[in-house]
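Peer 1: Given only the sequences and the hints, what does the whole structure look like? Please build it.
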Amino acid sequence: MKVGTTADRIVIEYDIRQAPQKVWAALTAPDAIAAWWGDHVNLDAKAGGAFREEWTDETGRRVVTTGTVSRFEPPEFLELSWADEDWPQPTQVSMVLDPVAETKTLLRLEHRGWSVVPADRRQRLIEQHAAGWHHHLRDLEAYLGR
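Going by my numbering, 152 is the number at position 90 of the sequence shown; the sequence numbering is gapless.
None of these hints come from the bench; they were simulated from the model.
From the three backbone atoms N, C-alpha and C, an ideal C-beta is built for every residue, glycine too.
Keep in mind that the hints are not guaranteed to be accurate.
DEER-style ranges, computed between Cβ atoms [unchecked claim]: (1) 114 x 184: 18 to 28 Å; (2) 162 x 119: 28 to 38 Å; (3) 174 x 84: 24 to 34 Å; (4) 110 x 151: 17 to 27 Å; (5) 139 x 208: 22 to 32 Å; (6) 77 x 123: 31 to 41 Å.
Peer 2: Shown next, in the form of structure tokens:
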């Protein structure tokens, strides 16, 4: 897994040893999402569908992350807005699946638009979200390997 960050973007490239259709199903099916990400996450995987995640941060504060699916092109492209309740505007998350072989997929996750977050909080949030995405994608791979 390659994880890179800039002042406005997180880019993760992850080779997953599974067929693209299987990875896509894990990214979009409610029961699969609950298994690898958690049952606190809801995604209505369709254009215009809603995303919602309720979680607790390191201080014990309850946080709600919401978004809307802006592009849905099965089985290779998913894009949604992404914002915590105290952000001024949403960022954007896209996931692109690129078939490398019959049983191997390159997943490219890009989380961009961080310039909407105040500068004094931006770098910390980018680092936290890069670590979070890394963790969640490892869980996705573990789920797919079962």
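Peer 1: Provide an ascending list of the numbers of those earlier hints which the structure does not satisfy.
Peer 2: none
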